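Chemist: Below are the chains, spelled out letter by letter.
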Amino acid sequence: MRATAPLNPFEELMSRAQSLTDSDTREQIVSALFQTSQAICRESVHYTKQKKHDETEKLDRVLTSKIWGFPIMLAMLAIVIYITVAGANVPSSMLANFFNWLEGYIGLVFKQLHAPDWLYGILVLGLYRGTAWVVSVMLPPMAIFFPIFALLENYGYLPRVAFNMDRLFKKSGAHGKQSLTMAMGFGCNAAAIMSTRIIESPRERMLAILTNNFVPCNGRWPTLILLASLFMAAGYTGGWKTFVTAGVVVAMVLFGIIVTLTVSWILSKTALRGVPTHYTLELPPYRRPKIWDTIIRATLDKSVYVLKRAVAVAAPAGVLTWILANIHIGDTTILTYITDWLDPFARELGLDGYILMAFILGLPANEIVMPILLMGYLSTGALTEVDDLHSLKQIFLDHGWTWLTALNMMLFSLLHYPCGTTLINIYKETKSKKWTLLAFLIPTSIAIAVTFLTTHIVQWFDLL
Amino acid sequence: MSNNHNQYTIALAGNPNTGKSTLFNLLTGLRQHTGNWTGKTVAHAEGFFDYKGQSYQITDLPGTYSLYSNSADEEVARDFIIFAKPDVTLVVLDATALERNLNLALQVLEMTSQVIVCVNLMDEAKKKGIQIDIHKLSQKLGVPVVPISARNEEGIDQLLDTIDQMVRGDIQTNPLQISYNRAIEEKIEKLVPFVKQVIGDHYPARWIALRLLDGDMSLLQSLQKEPRQFLKEVPHYACNCSTKSI
Chain V
1 MRATAPLNPF
11 EELMSRAQSL
21 TDSDTREQIV
31 SALFQTSQAI
41 CRESVHYTKQ
51 KKHDETEKLD
61 RVLTSKIWGF
71 PIMLAMLAIV
81 IYITVAGANV
91 PSSMLANFFN
101 WLEGYIGLVF
111 KQLHAPDWLY
121 GILVLGLYRG
131 TAWVVSVMLP
141 PMAIFFPIFA
151 LLENYGYLPR
161 VAFNMDRLFK
171 KSGAHGKQSL
181 TMAMGFGCNA
191 AAIMSTRIIE
201 SPRERMLAIL
211 TNNFVPCNGR
221 WPTLILLASL
231 FMAAGYTGGW
241 KTFVTAGVVV
251 AMVLFGIIVT
261 LTVSWILSKT
271 ALRGVPTHYT
281 LELPPYRRPK
291 IWDTIIRATL
301 DKSVYVLKRA
311 VAVAAPAGVL
321 TWILANIHIG
331 DTTILTYITD
341 WLDPFARELG
351 LDGYILMAFI
361 LGLPANEIVM
371 PILLMGYLST
381 GALTEVDDLH
391 SLKQIFLDHG
401 WTWLTALNMM
411 LFSLLHYPCG
421 TTLINIYKET
431 KSKKWTLLAF
441 LIPTSIAIAV
451 TFLTTHIVQW
461 FDLL
Chain U
1 MSNNHNQYTI
11 ALAGNPNTGK
21 STLFNLLTGL
31 RQHTGNWTGK
41 TVAHAEGFFD
51 YKGQSYQITD
61 LPGTYSLYSN
71 SADEEVARDF
81 IIFAKPDVTL
91 VVLDATALER
101 NLNLALQVLE
111 MTSQVIVCVN
121 LMDEAKKKGI
131 QIDIHKLSQK
141 LGVPVVPISA
151 RNEEGIDQLL
161 DTIDQMVRGD
171 IQTNPLQISY
181 NRAIEEKIEK
191 LVPFVKQVIG
201 DHYPARWIAL
211 RLLDGDMSLL
221 QSLQKEPRQF
231 LKEVPHYACN
241 CSTKSI
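Read top to bottom, the protein sequences are chains V and U.
Numbering follows this note's numbering, in which position 10 of the first sequence is assigned residue number 10; successive positions increment by one, without gaps.
Numbering follows this note's numbering, in which position 90 of the second sequence is assigned residue number 90; successive positions increment by one, without gaps.
If we strip away everything but chain V, and leave its shape as in the complex, we get (with noise of 0.2 Å):
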């Protein structure tokens, strides 16, 4: 070797080292600094007011532990779930016989007044009736889940859930600071492609706006939740529905962080090509938070939020469905030509063009995908009454529904393309057309070919 010198000795040195190095090099050396922080100061430092700094570093010994910290993340969000739908059943039920006690009378008062019977069906049938069960379906949930999580969120377990991804995106290609702007679109997804910010490399923070859409937002928890509950528990009754109801939601949120995980790893081996780059994560002490204050922002800022939103552009559009689905052309109603024209495709999908047409029309917002959905049902004739959540199924399998459509439903809402709101978000922080384009397309292909897959494997193998 030594005879023959090489032309470019720099380049033998590179290839050598790059011989001998391994993939997680870099995480042995900073591993071996870390230990050795850690041995000096553990002999040198000394803390005189020790209870806090240790407390929070005993928990986090556990919640960030390589063996304990996956399982407790992931029991922690069950738990959630688990006591958002346990919770949200009677309050819901209440809510519903309130409406459809309250609708008598207001159908008294439209009878007193002579009202004319289109003018009851636009406000009664389609506004009323919407609006009543997207309160009565929503609002419970949303009022236990968005508090429970504000908790966490405020105890300082999020930036923890951070750093237990963070592994997993490094390994994906992307930048470990993915792992906290996605745990912000547990939140809302607009929001989430701001906090981008804080990553620097500019690989990087695009693979974090195209991938953010597919966890799950405020808009699509109350849809995801109350589909399991009615469809994917079916069999199970008492506790064990509850908790299988948890479970489905659970492995929809782990359906989606893989999809992250593989769209970032593809991309970031493709049209994103690099290296991740290192960085420091800090780990705020754990603070008990203001539980009152907490609950009560929550409840205010992020249910009521949700809810306004919902109810406001959901009753707009629950009078425009109900007019489509009155005007005839011929035999049949305008809604019907659209839902017909979209079922065919729909169908392939495992949906109908009833839903096809919510997801469309919801564009603006994820909160009122599902109140267009009811709507758009509502109004062909199936003129079911704010009753229980049992009519409410009825209303869903009245169109021929079974567990299939509502697993395809819940998917699609996961994968589809982000809000409105979100896309111009996109398009601010990136200034690119082009970018914003594909972060609407590469959802919106991977929900229908997903979609699509589970429908026709699911016939092929007959499972129905």
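Simulated from the structure, these hints should not be mistaken for lab results.
Remember, predicted model here, so these are calculated numbers, not experimental data.
Take these hints with a grain of salt, some might be off.
[Said to hold, decoys possible] Here are the simulated BS3-like cross-link-like pairs (lysine-lysine), alpha carbons at most 25 Å apart as the crow flies: (1) V:K58 - U:K127; (2) V:K49 - V:K269; (3) V:K58 - U:K128; (4) V:K49 - U:K128; (5) U:K127 - V:K49; (6) V:K171 - V:K269; (7) U:K136 - V:K49; (8) V:K49 - U:K126; (9) V:K58 - U:K126; (10) U:K128 - V:K290.
Based on these hints, arrange chain U on the given structure of chain V.
Modeler: Just chain U, lined up with the frame of chain V:
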């Protein structure tokens, strides 16, 4: 390592938000100017001060958590320490987050032996009930450790004295070398002779071997770019400071 123009150079390294700039301002007063690193969009501050008849040029490196060249900032800081070979590298640590801050200090110790560690924010640490055994720390790290509170201008005299002693060669350091796991140590051992053969004794061979094992391409590129020239390039830019005598 003394310079021919009778002026010692000091590099100031540290994590972000450790009071590095406070110390820099305290030492230099108004005798400073800022600019950009040649070819990089990283801000760069340089200043001057005199102590005990010696004049010093001090460079405030970008605040970074590591020197693994993950970003332009880290590359600039790393290249300065390796190529400009400052007479003293001051590593500023946050006393309230010593463990995290030490990571950077340990990385600097692998690169040069002319290091003084300043533990800043001692006042805040005291308030938080954190006691730091400075003597022990110094023993472990193998370099002088000076506790300071830049904000309250405490410990600055001791720091200046230590700098003075170091440039005079009165301090023998024995910087801590991190021991890696056996697999990595074996690889380093294999690589070091070749590093020395290619790059010479001018740079810390063990450290360079380690960086190469980590796949650090940018370092090799910097090394390839006629390092001597680079060394001179760094302190030169359009500045009209009277103290600069070349």
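Chemist: Enumerate the violated hints, using their earlier numbering and listing them in ascending order.
Modeler: 2
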